[in-house]
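Work out the full structure: start from the sequences and follow the hints.
Chains as they are written, first to last, in the working numbering: chain H, 1 to 246; chain V, 247 to 527; chain E, 528 to 730.
What the hints contain is simulated information worked out from the structure, not anything from laboratory work. Please read these numbers as outputs of a predicted model, since none were measured by experiment.
When the alpha-carbon atoms are kept at most 25 Å apart in a straight line, the in silico SDA-like pairs for lysine to any residue are as follows:
| # | chain 1 | residue 1 | chain 2 | residue 2 |
| --- | --- | --- | --- | --- |
| 1 | H | LYS187 | E | ILE548 |
| 2 | V | LYS271 | E | THR715 |
| 3 | E | LYS615 | V | ILE259 |
| 4 | E | LYS627 | H | LEU106 |
| 5 | V | LYS252 | E | PHE678 |
| 6 | E | LYS615 | H | GLU111 |
| 7 | V | LYS435 | H | GLU169 |
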Amino acid sequence: MSKEEFIRVDGRKPDELRKYSINAGILKNADGSAEIRLGKNWIVVGVYGPKEHFPKFEALQDRAIINCRYHMAPYSTTERKSPKPSRREIELSKVIRTALEQAVILEKFPEMSIDIFIEVLQAEGSTRVASITAASVALAEAGIPLRDMVVGCSAGKVSGKIVVDVGEEEDKEGEADLPIAIMPNLKRVVLLQMDGKLTHEEFKEAFEKALAGALELYEEQKRALKGLIEKMSEIPSEGDGNEQGV
Amino acid sequence: MSKEYKGKTLSEILRMEQARNFLGKGMREDGRELTQYRPIDIKIGTIEKAFGSATVYLGDTIVVTGVNFEIGTPFTDSPDSAILLVEGEILPTASFEAEAGPPDEYEIEMSRVVDRSLRESGIIDFKKYVIVPGEAVLKIFVDFNILNDDGNIIDAAVIGAVAALATAEMPDLDYIRENLENVNNNNIKEVPRKPFQIEEVPIANTIAMYGDKMFVDPTASEEEVADALITYTHLSTGEICSIQLLKGSLSYEDVFKALDLAYEKSVEIRNILRERGIISG
Amino acid sequence: MKKDGEKVSPGDPLALIEEFIGGRNTYIDDSVIRSSVAGVVKVDWKNRIIDVEPIKQPLTIDVGDEILGKIFHISGVFGYVEIELVRKEGKGPWILLRGKYTGVVYPPTRVTDVGSTYHVRDEILARVESTLNRTLHLSIRGLRYGVVRAFCKTCRTELVRGDEPGKLVCPTCRSIETRKVSRLYGNTTIIKTLHKEKVLNTW
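Structure, rendered in structure tokens:
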């Protein structure tokens with residue numbers, strides 16, 4: 001291997017993310033919502049709350065409870081998936097929830113709960129990190145106070161090379177997959193998983209690549225929110241909902 | 247005043263009053279005519295991974311539909327007939343009331359009405375998709391999800407299912423027959439494809455009643471206050487292939503008045519599908 | 528440091544604690560004041576406070592808010608209220624709530640029999656007096672506050688105002704009941720008032 005750049009199965013360079021876009025405020029009924037497209041991934045997140053937690057005796061006295069569901073649509077995968085939640089979906093719901101809990105200022109809403117519903121409509125690898133990235137935009141859109149945005153990206157080892165934003169093909173063929181999620185301003189890691197084999201040096205390289213990818217996506221999160229702030233100045237702020245004409 | 251409001255809380259009364267102020271006067275909250283649909287936007291191929299897909303925006307209602315094909319064993323009572331499975335879910339993102347978990351009775355009713363609208367319509371010629379009689383047939387999955395529920399999800403879901411099926415590509419059955427040993431449900435997406443043929447276009451139209459006012463395409467809040475809701479599904483021939491009284495009761499005359507209105511609207515929606523090149527003819 | 532009118536998102540640094548006081552929708556991490564929301568920076572140079580005007584404020588019920596709700600349970604003298612509408616700071620429009628919120632109401636004066644103040648099924652207009660121990664403590668002191676709708680103990684007909692203050696009469700069975708009655712008592716009056724004060728529709 002000389003200076004020649006390594007080209008990936010989908011034609012990307014090692015440091016290149018797939019095409020991406022994030023939109024906020026796409027569901028009318030939700031308190032906060034966002035969608036992310038990353039390659040063929042299409043993930044929609046709806047946030048409801050904060051609302052009074054039921055049953056009341058299960059509420060926490062000093063902070064809010066986050067309910068998080070990561071769910072894949074039956075048509076989201078190459079092979080049709082049963083709509084019932086799998087063990088994988090339950091695990092991902094948990095790791096995504098704990099990642100987001102690090103950012104949400106839960107103490108502001110004691111005895112309340114916040115629901116985060118993640119719907120993967122089309123999956124093409126690295127869905128958990130893309131889900132987190134969209135979910136934190138949806139939380140921000142709901143006006144729920146956050147210490148920082150949470151943004152995720154993956155890196156992996158494919159044909160001996162460390163690459164960023166692992167696609168589905170690469171995940172199947174590759175030697176390792178490393179999804180991470182971070183709080184970019186506070187410089188903290190909130191999700192870290194690995195699956196495969198990496199040397200310490202490779203892990204370091206993969207971590208740095210994933211971090212760089214996450215920081216690129218963080219700019220897209222801010223762009224999506226900026227759009228909403230611009231809209232805010234157009235309409236006089238009078239709570240949410242429509243005024244009744246009665 | 248008090249008689250009608252007996253047993254209702256103030257917030258319920260406020261909602262009822264709002265309905266009275268619009269529907270009672272023959273008006274809609276969003277300024278529509280009683281017999282006018284909200285804008286319909288249909289995007290085809292939104293789920294590239296599926297064999298067919300469509301996303302329908304009916305006002306603020308959003309439905310995503312995916313069509314998939316698998317090889318399945320036919321039912322013993324119909325060995326030379328393909329299998330159709332229609333499953334719909336209201337996602338918890340859809341509204342404040344929607345919940346995660348197993349579907350409730352309203353969700354299952356909605357899903358079954360969409361199922362019947364497709365199955366009974368003859369949209370699919372089940373005899374056409376037999377691979378080996380008695381042994382292997384095409385299993386057709388129509389999965390749809392309500393992403394945001396602002397009412398009239400049945401009409402939107404049927405439009406979505408028709409659009410996804412009409413534009414779907416299916417695995418070439420001749421190829422499967424020739425390679426029966428090698429083709430299975432894990433690699434069926436790699437089989438050469440052919441356009442999927444639909445034979446009929448069912449259109450579902452839900453008619454709502456408020457007092458003596460009859461209106462189409464109810465929003466979620468209109469559904470809540472409606473005295474009655476009924477869905478008719480029409481074929482291109484003008485025949486009816488499915489009826490469901492979803493809520494309340496109707497007078498004998500209104501059953502037929504609603505039927506006429508539903509038919510008129512089905513022609514309109516059929517034309518929209520035609521104009522956008524989703525169906526032919 | 529961020530300028531007045533600048534657009535920020537959660538986590539963005541706004542200023543240092545040596546320079547400014549963190550105001551609304553900010554928090555302090557180490558010595559940095561950061562935004563906790565997406566919105567626009569507001570700098571108050573005179574008082575050296577930095578706030579962020581948010582794109583959306585989550586709905587919460589706080590001290591000073593007015594509520595309308597239904598008593599669903601009575602324990603001792605306490606009435607448990609299911610809150611259905613809220614009016615922030617007792618001004619502006621009423622907001623129809625989507626979720627469930629519960630509060631506890633107390634009789635405004637010492638009573639031995641709470642039945643002369645309110646009953647289960649009564650609807651009340653009250654003010655949030657405290658949120659101590661994470662409970663919404665509701666007060667019905669004052670002419671505006673109290674029972675706005677009540678139903679006959681025996682026949683469930685809606686009671687109407689009696690001749691004497693604090694008395695309600697059943698139009699069907701003529702029985703007389705006592706309540707802490709709001710001056711806005713009765714379907715017609717309370718609904719007219721709600722419309723006058725405007726109702727925001729969040730359903």
